[in-house]
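Chemist: Please construct the entire structure, taking both the sequences and the accompanying hints into account.
Here this note's numbering runs 232 ahead of the position in the sequence shown, where the first position is 1.
Because the hints were derived from the structure by calculation, they are not lab data.
No experiment lies behind these values; they were computed from the predicted model shown.
Below, simulated DSSO-like cross-link-like pairs (lysine-lysine); rule was C-alpha separation at most 30 Å, straight line:
1. Lys-408 x Lys-326
2. Lys-414 x Lys-326
3. Lys-414 x Lys-510
4. Lys-408 x Lys-510
5. Lys-452 x Lys-269
Pairwise CB distance ranges, derived in the manner of DEER restraints:
6. Tyr-355 x Ile-245: 44 to 54 Å
7. Ile-495 x Ile-347: 22 to 32 Å
8. Gly-453 x His-329: 44 to 54 Å
9. Ser-272 x Ser-331: 49 to 59 Å
10. Gly-290 x Ile-256: 28 to 38 Å
11. Thr-410 x Phe-313: 15 to 25 Å
12. Tyr-402 x Ser-332: 23 to 33 Å
13. Glu-475 x Lys-408: 47 to 57 Å
14. Asp-327 x Leu-361: 31 to 41 Å
15. Tyr-397 x Glu-475: 51 to 61 Å
Beta carbons: idealized from backbone N, C-alpha and C, even for Gly.
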Amino acid sequence: MRRFHHLKDKFYIFTVSILTLISISALFIILYFVFRKGASVLSMDFLFRFPRNGMTEGGILPAIVGTFIVSILSVTIALPFGLMVAIYLSEYAKDNHLSSFIRVSINNLAGTPSIIFGLFGLYFFVNYLGFGSNILSSSLTLAILILPFIVRTSEESLRNVPSSYREASYALGADKSTTILKIVLPSAIPGILTGIILSVGRVAGETAPILFTGATFFIKGLPLSPFSEFMALPYHIYALMTEGTQPDRQVPIAYGSALVLIILVLLINILAIYIRNKKRVKIE
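Modeler: Printed below as a string of C-alpha cells:
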C-alpha cells in the first residue's frame, strides 16, 4: 500500500512537471517567434520617431507614450476604489448576504469579456457623460476592467496579515481604523503590488476597450491632455495587421511593435517585483 502511494506521488509530480514544462515552452516559443519576426525593425529611430508614409516607415513613439499614459492612469483610478472595497470585505464586512453578493459581483465582473467593457465605456463615458473619445474615457473603462483583480488580490493580502498584528495594535490602545492604516495595510503592500503588476499587464495588452473609447490609428503628435485621442501599441498592432495597404512593409512593423509591448510589460513587471521585494524585506 505504501509503495502504491509512493508511485502515485511520483506520477503526480511527473505530470505537474510535464505540464509546467509545456507552459514554459509555449511562452518561450511565442517570445522567440515574435522576436524573430520583429527584431529586424528595432532601432532608436523605431522607438523615438513618429510614424510616416502611411505607417510604413518611421517609429512608434506615440503608441508607446499612449500605452504608458493609459496604463498608469487606469491603475491610478482603480487602485483607491479596489483598496477600499478590499478593506471593507476583509476588515469590516460580516459573513452575510451583502458580502456574498459583493464577492459574486466582483467574480462576475472579472469574467466579463473585455469587449463588453468597451461597449459600456462607449455608451457611458463617451456618449452619455459626453467625455468624448479620448484618454480619459479609455482609462476609466480600463479601470473598471482591472478593478476586480485589484480587489481580489488586495483582499487576499489583507487577510494574510497575521491576526496577532491586529491584536498587538489593539492592546496598545489603537482603534480599528488606525490599526488598518498603520499596521495591516503596510504589511499587505507586497501582495497589493502583485495585484498592480497583474493589472498593468492586463491593461497594456487590451485592444477592445480602447478601440471603442479613444485609441486612433494615427495622430501627428503626442497627446497633450486627458481629452486627447491617443495611439496605443495593441491597437497599433491590430490596425497594421488588418487595415494596412502595404502588408510587406507594415507586418514587420507590427511584429516590432508586439516585441516592444512585451518588453514594456516585462520591464514594468520587473520594476514592480523589485519594489515589492524591497517592501517585503523592510516589513520582515
